[in-house]
Amino acid sequence: MITIEHLNKSFDKNKVLDDLSLELHGGKMTCLLGASGAGKTTLIRLMLGAIKPDSGRVVIDGTTMPNLQILSRIGFMPQDDALYNNLTAMENLRFYAGLHHIGKDLFRQRAATLLELVGLTGDANRLVDKFSGGMRKRLSLAVMALNEPQIMMLDEPTVGIDPVLRRSIWQQFRQWCNEGKTLIISTHVMDEVDRCDYAVLLQEGRIRAYNSVDNLLAQTTNGKIEELFLRKEDAK
Amino acid sequence: MKALVVRIWQQLLHDKRSLAIILLAPPVIMSLFYVLLGNSNYEPRIGYYDVPPMLEQQLSTVADAVSVANADERTKLLLDGQYDAVVYSEANELHIAVPETNTKTGKAIRAIQNTFADASPIKIVTESMYGSPDDSFFESMAYIFLAFVVFMFTFVVSGMAIVGERTTHTFERMLMTPIRRWQIVAGYLLGYGAFAVLQSVIVMLTAKYVLHVSIMGSFWLCLVVLILLAMCAVALGTTISSFANSEFQVMQFIPLLILPQIFFTGIIPFELIPYHLDKLRYLMPIYYACTPLKDIMVQGAGFADVWPWIFAEIAVLAFFFFFNTFSLRRYRWL
Numbered sequence: 001m002i003t004i005e006h007l008n009k010s011f012d013k014n015k016v017l018d019d020l021s022l023e024l025h026g027g028k029m030t031c032l033l034g035a036s037g038a039g040k041t042t043l044i045r046l047m048l049g050a051i052k053p054d055s056g057r058v059v060i061d062g063t064t065m066p067n068l069q070i071l072s073r074i075g076f077m078p079q080d081d082a083l084y085n086n087l088t089a090m091e092n093l094r095f096y097a098g099l100h101h102i103g104k105d106l107f108r109q110r111a112a113t114l115l116e117l118v119g120l121t122g123d124a125n126r127l128v129d130k131f132s133g134g135m136r137k138r139l140s141l142a143v144m145a146l147n148e149p150q151i152m153m154l155d156e157p158t159v160g161i162d163p164v165l166r167r168s169i170w171q172q173f174r175q176w177c178n179e180g181k182t183l184i185i186s187t188h189v190m191d192e193v194d195r196c197d198y199a200v201l202l203q204e205g206r207i208r209a210y211n212s213v214d215n216l217l218a219q220t221t222n223g224k225i226e227e228l229f230l231r232k233e234d235a236k
Numbered sequence: 001m002k003a004l005v006v007r008i009w010q011q012l013l014h015d016k017r018s019l020a021i022i023l024l025a026p027p028v029i030m031s032l033f034y035v036l037l038g039n040s041n042y043e044p045r046i047g048y049y050d051v052p053p054m055l056e057q058q059l060s061t062v063a064d065a066v067s068v069a070n071a072d073e074r075t076k077l078l079l080d081g082q083y084d085a086v087v088y089s090e091a092n093e094l095h096i097a098v099p100e101t102n103t104k105t106g107k108a109i110r111a112i113q114n115t116f117a118d119a120s121p122i123k124i125v126t127e128s129m130y131g132s133p134d135d136s137f138f139e140s141m142a143y144i145f146l147a148f149v150v151f152m153f154t155f156v157v158s159g160m161a162i163v164g165e166r167t168t169h170t171f172e173r174m175l176m177t178p179i180r181r182w183q184i185v186a187g188y189l190l191g192y193g194a195f196a197v198l199q200s201v202i203v204m205l206t207a208k209y210v211l212h213v214s215i216m217g218s219f220w221l222c223l224v225v226l227i228l229l230a231m232c233a234v235a236l237g238t239t240i241s242s243f244a245n246s247e248f249q250v251m252q253f254i255p256l257l258i259l260p261q262i263f264f265t266g267i268i269p270f271e272l273i274p275y276h277l278d279k280l281r282y283l284m285p286i287y288y289a290c291t292p293l294k295d296i297m298v299q300g301a302g303f304a305d306v307w308p309w310i311f312a313e314i315a316v317l318a319f320f321f322f323f324n325t326f327s328l329r330r331y332r333w334l
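Top line first, the protein sequences correspond to chains A and B. Residues 1 to 236 in this note's numbering are what the first sequence spells out, letter by letter. Residues 1 to 334 in this note's numbering are what the second sequence spells out, letter by letter.
Hints are computed from structural coordinates only; laboratory data are not their basis. Backbone N, C-alpha and C define an ideal beta-carbon position, used for all residues, glycine too. Please note that the accuracy of each hint is not assured.
Said to hold, decoys possible - Simulated DEER-style distance windows between Cβ atoms:
no.	chain 1	residue 1	chain 2	residue 2	range
1	A	Lys104	B	Ala318	28 to 36 Å
2	B	Asp305	A	Asp61	55 to 63 Å
3	A	Phe11	B	His276	40 to 48 Å
4	A	Asp19	B	Leu259	49 to 57 Å
As the list claims (entries may be wrong) - Among the chain A residues that face chain B by a calculated CB cut under 7 Å, a handful are:
no.	residue
5	Met1
6	Ala35
7	Ser72
8	Phe76
9	Pro78
10	Asp80
11	Asn86
12	Leu87
13	Met90
14	Phe95
15	Leu99
16	His100
17	Gly103
18	Leu106
Next comes chain A alone, as it looks inside the complex (with noise of 0.2 Å):
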């Protein structure tokens, strides 16, 4: 269980998150819907202790983030690669095995079970640099997935892929999920808010609505949650 707490957080007099309080669901997919700018990224940085809050806080399982321990049950996937151009595939999921402490053989086992699940497995010693943008956004999803974290954060995931890989992508959230993980995925593609449990919908750093995908589909007229989206931003 993910609890925010009165969150406010602002740059520059330029106020991104204003009195934000949620409960997230434990296992469960959770979608954060917003356009660019709403506050979701912000809001991810705050859940993994990234920045800290001007007010209010973020308590995961029980604890008050930020907290080492809980870091290292949390997977995130930036919205950027942020992968290690230079070095091969194998090298950077080394290096991030190495920082959540986990052993050369489950490493070695666990490399190989996640290269092969992104299809990167007779990619595994090439230079990331020679890698192409869908590449590139697999072995981050690997390298997310690495510590077999209980809590999955990931920033517009499926941001510049195809659609074939973005549907790959999609069914191993859901199974990621049904094997109990928690998925905080945040997005402003709202086709992809039907792939999921719950969804938020940000606007300027509030919550506009927070409920199961199925009852904010049921308020629409026309099954898309984009009319929802729509009436809230008319409404304002």
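Model the placement of chain B on the given structure of chain A, informed by the hints.
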């Protein structure tokens, strides 16, 4: 931390250009200094008229000396740049005329003064406690070049470390793992520090065995001082790197932070620096290395003489370590 150290090594080993800059550029630059600032065989061109015959003879042994007809020809030859100096006597005084003051005319002036001194009944013999008056500029200042070259190159490479990671967002991703801030600082220090050690060894070996720089004291003690300076440069580089927003900004710090270091290496005697600005040396990491390096290389000082300086270098290193650990709070407040 070990993962970070290994990653930095792997990155540098994959990056052949950076590796070449770290390991090969410093000895090449040192050798260039050696050639450019070594003793040259230049023979000054000196004209003379109305001087004692004994001086005429002596001058031709140390310079390309030619007789000049009169004052008009003197001015013409000097302005045309054909002669470095013209010596003549007038009203019972010996005059030396030069077109301008520079290293070349300085050499001509010294040749004339030495000739005159040799011709006088009282001989002047210069005795130097350390080194030789005949040492080239490079030989007498070798300790400065050693320190500055190592400091500069280590700073440039490590200065790009964190800022490069921040622009590619790998730094943020690393911070989202259970690594501690002090482990990040120590990881960078050891990762780049290993190459700094290798660089210091190469530079010292080049100085001793290729350029035959005279080292009166212990080679190993010099190496320890140089390695500690290189580590300080790594620490300063990572500090700047964590504050800069781009690689370009790191480059802007070089004239601001690195070039002034050279004025506090001992290249200018501190007593000659006006307005108490010499006190700024206490803020310059290079000062704590150049002073003991000079003592060891020129005066043959041992560990018992230079240990306070080594301690000072360690203190500078410790300061940057704690400062960096604290300043990383800007990126993760845990």
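Cross-check of the supplied hints:
A hinted range of 28 to 36 Å for the beta carbons of Lys104(A) and Ala318(B) is consistent with their spacing of about 33 Å. At roughly 60 Å, the beta carbons of Asp305(B) and Asp61(A) sit within the given window of 55 to 63 Å. Distance hint check: the CB atoms of Phe11(A) and His276(B) are about 43 Å apart, consistent with the given range 40 to 48 Å. Taking 49 to 57 Å as the suggested C-beta distance range, the pair Asp19(A) and Leu259(B) conforms, at roughly 50 Å.
At a threshold of 7 Å, the smallest CB-CB gap from Met1(A) to chain B is about 20 Å, leaving the interface hint violated. Against a cut-off of 7 Å between C-beta atoms, the interface hint on Ala35(A) is violated, since the closest Cβ of chain B lies about 21 Å away. Restraint check, Ser72(A) versus chain B: the minimum CB separation of about 4 Å is within 7 Å; hint holds. The restraint placing Phe76(A) at the interface with chain B holds, with a minimum CB-CB distance near 4 Å, inside the 7 Å limit.
This hint holds: Pro78(A) has a C-beta 5 Å from the nearest C-beta of chain B, less than the 7 Å allowed. A distance limit of 7 Å between C-beta atoms decides the matter here; for Asp80(A) the minimum to chain B is near 4 Å, and the interface restraint holds. A least Cβ separation of about 5 Å between Asn86(A) and chain B falls short of the 7 Å threshold, and the interface hint therefore holds. Satisfaction of the interface hint for Leu87(A) is found here, the shortest Cβ-Cβ separation to chain B being roughly 6 Å, below the 7 Å cut-off.
Evaluation of the Met90(A) hint against chain B yields a violated restraint, the C-beta minimum of about 10 Å exceeding 7 Å. Given the 7 Å rule on beta carbons, the hint for Phe95(A) holds: about 4 Å separates it from the nearest Cβ of chain B. About 4 Å separates the beta-carbon of Leu99(A) from the nearest beta-carbon of chain B, less than 7 Å, and the hint is met. Look at His100(A): its Cβ gets to within about 6 Å of chain B, closer than 7 Å, so that hint holds up.
This hint is violated: Gly103(A) has a C-beta 12 Å from the nearest C-beta of chain B, more than the 7 Å allowed. About 14 Å separates the beta-carbon of Leu106(A) from the nearest beta-carbon of chain B, more than 7 Å, and the hint is not met.
When each numbered hint is compared with the structure, violations occur for hints 5, 6, 13, 17 and 18.
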